[in-house]
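Engineer: Letter by letter, the chains look like this.
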Amino acid sequence: MATVTFDKATRIYPGSTKPAVDAIDIEVADGEFLVLVGPSGCGKSTTLRMLAGLEEVNDGHIYIGDRDVTDVPPKDRDIAMVFQNYALYPHMTVAENMGFALKIQGVNKEERAQRVLEAAQLLDLEPYLGRKPKALSGGQRQRVAMGRAIVRQPQVFLMDEPLSNLDAKLRVQTRTQIASLQRRLGVTTVYVTHDQTEALTMGDRIAVLKDGVLQQVGTPRDLYESPSNVFVAGFIGSPAMNLFTTKIVSDGLQFGTGVAKVDRDVVASATGGTATVGIRPEDLQIKSSGEGLPVEVDVVEELGADGYLYGHAEVDGQRVDIVARVDGRKHPNAGEKIVVTPVPQHVHAFDSESGERLTKPVSAPAGV
Amino acid sequence: MTLVSIAGLPAAARGDLLGQFLEKFGLVIIGLAVFAAVIGLILFIADKAPKRGRDVIQLLLFVAPAVILLAVGLVYPAIRTAVLAFFDARGENFIGFDNFVWMFTQPTILTTILNTLVWVALVPTISTIVGMAYAIFIDKSKGEKVLKSIVFMPMAISFVGAGVIWTFVYAYKATGFEQTGILNQIVVWLGGEPQQWLLVPPWNTLFLIIVMIWIQTGFAMVLISAAIKGIPTEIVEAARLDGANPWQSFWNVTIPGIRGTLVVVVTTISIATLKVFDIVRAMTAGNFNTSVIANEMYTQAFRQGQFGQGAALALILFVMVLPIVIYNVRVLRKQREIR
Chain A
304 MATVTFDKAT RIYPGSTKPA VDAIDIEVAD GEFLVLVGPS GCGKSTTLRM LAGLEEVNDG
364 HIYIGDRDVT DVPPKDRDIA MVFQNYALYP HMTVAENMGF ALKIQGVNKE ERAQRVLEAA
424 QLLDLEPYLG RKPKALSGGQ RQRVAMGRAI VRQPQVFLMD EPLSNLDAKL RVQTRTQIAS
484 LQRRLGVTTV YVTHDQTEAL TMGDRIAVLK DGVLQQVGTP RDLYESPSNV FVAGFIGSPA
544 MNLFTTKIVS DGLQFGTGVA KVDRDVVASA TGGTATVGIR PEDLQIKSSG EGLPVEVDVV
604 EELGADGYLY GHAEVDGQRV DIVARVDGRK HPNAGEKIVV TPVPQHVHAF DSESGERLTK
664 PVSAPAGV
Chain B
9 MTLVSIAGLP AAARGDLLGQ FLEKFGLVII GLAVFAAVIG LILFIADKAP KRGRDVIQLL
69 LFVAPAVILL AVGLVYPAIR TAVLAFFDAR GENFIGFDNF VWMFTQPTIL TTILNTLVWV
129 ALVPTISTIV GMAYAIFIDK SKGEKVLKSI VFMPMAISFV GAGVIWTFVY AYKATGFEQT
189 GILNQIVVWL GGEPQQWLLV PPWNTLFLII VMIWIQTGFA MVLISAAIKG IPTEIVEAAR
249 LDGANPWQSF WNVTIPGIRG TLVVVVTTIS IATLKVFDIV RAMTAGNFNT SVIANEMYTQ
309 AFRQGQFGQG AALALILFVM VLPIVIYNVR VLRKQREIR
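Residue numbers (my numbering), protein chains in the order written: chain A, 304 to 671; chain B, 9 to 347.
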């Protein structure tokens, strides 16, 4: 077990001037489950591969525990990786796949078989030990890939979108299995995904990347409640946060005919007379009339217990799409005109130029 | 004959040649037209076939051309050769196994068979190993395409052409004269005596074998290189993370990953080597104990007029090739089950 530290780690691909990963600083605690998340091409996989040693580090350092592994070859880093397409050895049986690393280490046959069996029991793979990967389902292959990592008893697990090849239902199941398995084994884990739901449900902490630059690191709650910039605000949470630029008024931000209240000193630091306001769909209250932002309902998605209302409003002559969570049974219908107002303690404000957060971090609401 | 060279000839000859050219060209056109007409007719008939038994009629019509060509060009000659192997020189009297008895009692023929075995033992193994090593070392290197083309080039040269080229390489001039062969020139530069490379058995067979290896290495290299590139990068990376060094990764990931290709390469080269004829014919004509079965078959049947003995040699060659072909097919089928 060990900590993992990225110290200004940078990767510039040959023939490119822009770094794919730009001076990233992350510290992963011993036994922690850290999720790297971001849109495709944000450098999250490159970051993971740098830690694996499969990608060169052009600048900065990477430490596993106290050991500087920046220039250590992958085989000497004592890490195990689960690949997106599993990368199982096609000509080996499940048992041979799982025991390969031990065989290379020179572990004797009996101990190897014992450790493979233990891992197989943990993952319900016992009946398949003699099969070749070709004869397994996608979910079973995924578990073999996990087993191959577990058998090693490495210092760090690396997982590169291990669930993206599974169907939706299996993905949800496996998600919880991996998270609970990791907690049981207590092995430091770095997990890459583009799916923010996966990140929120699995990670102890989440690191959000965009264009090779680290945007924010924090617990799922941190990221959800106090995104540090517009990008994180829009990326984390589904459906995404409502974000639009609006005027700064005396006691807050212009919100249609009403005002979204924020601390005056917070807004004071904004450049220019405008700011970006951000409200999550569940933090919009719906009224039929009165002060607030007038919205025309386009469509309502019913999900049973609740639903999502998709509509549009006009702010300073610009069309703005608005999403609000509504009751699943009682909600306005498409074509209706309504007014929405924000729940006061859940208003996020960002600098309209830099996109940086202006409001103070929101503390957990009382009673939770 | 190209048009460019026609231009350099006197007018009369030019007209004559042009006429010939047009005549040949016309024949090609007519041939193609007849072919198209026949195919069209077959398709027409197949289309108009009565509903009942249409499947069978269509099947027969489409399969028939291939079957007929195979029967005339392959099956009949094969059977005829097999039968001839048990007849005398002119194919008139049945003589049982006499041709085979002759074969295995004649020292020259035994040498021929032994030579063929040496060829088939050395050429596929060395070509494949050298080709594979080359493919691995230049993989992902700069100028990979150029490096590949250089080694693949000999594949484009006919065996006879290769034989001629290497005859020059091995050319011998007595001591004191200027050497025309590069090999002897090198020997002289190194202070040695020029050698008659192709005259001294058993080494002369090895010098012929080098020519075949020179040709086949390119073939092996290109196929193996493609197979190596077909191994998913993640699997190689997984092996690196599992702690495998390059050597272990080679044996545990690369070799199993290209196994099917290796079998195809080795068997294909083996078959080509068993049938080798041109190189020996062009370089030594099988003299000085360098003959191989295919060359001996030709010599017996078409030089000496011993059709029975020639056919018997052909039959032996066939018997040697057959198991390799069967093995090849089996492995390919097995490979398909894994993939």
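Because the hints were derived from the structure by calculation, they are not lab data. Quick caveat: nothing in here was measured; it's all calculated off a predicted structure. Hints may be right or wrong, so weigh each one.
[Unchecked claim] Calculated lysine-lysine pairs in the DSS-like style (CA-CA distance at most 27 Å, straight line):
#: 1; chain 1: A; residue 1: K321; chain 2: B; residue 2: K342
#: 2; chain 1: A; residue 1: K435; chain 2: B; residue 2: K342
#: 3; chain 1: A; residue 1: K435; chain 2: A; residue 2: K406
#: 4; chain 1: B; residue 1: K237; chain 2: A; residue 2: K435
[Claimed, not checked] Computed far set for chain A versus chain B, every beta-carbon distance over 12 Å:
#: 5; residue: A323
#: 6; residue: N532
#: 7; residue: G576
#: 8; residue: E599
#: 9; residue: V626
[Stated by the list, open to error] A short list of chain A residues far from chain B (calculated; beta carbon distances all over 12 Å):
#: 10; residue: K321
#: 11; residue: L357
#: 12; residue: R380
#: 13; residue: D381
#: 14; residue: E399
#: 15; residue: F403
#: 16; residue: N411
#: 17; residue: L461
#: 18; residue: L473
#: 19; residue: L484
#: 20; residue: A543
#: 21; residue: D630
#: 22; residue: E639
#: 23; residue: Q648
#: 24; residue: E656
For each residue, glycine too, the CB sits at the ideal point set by N, CA and C.
Engineer: Quick check: which numbered hints come out false for this structure?
Structural biologist: Those not satisfied are hints 1, 11, 12, 13, 14, 15, 17.
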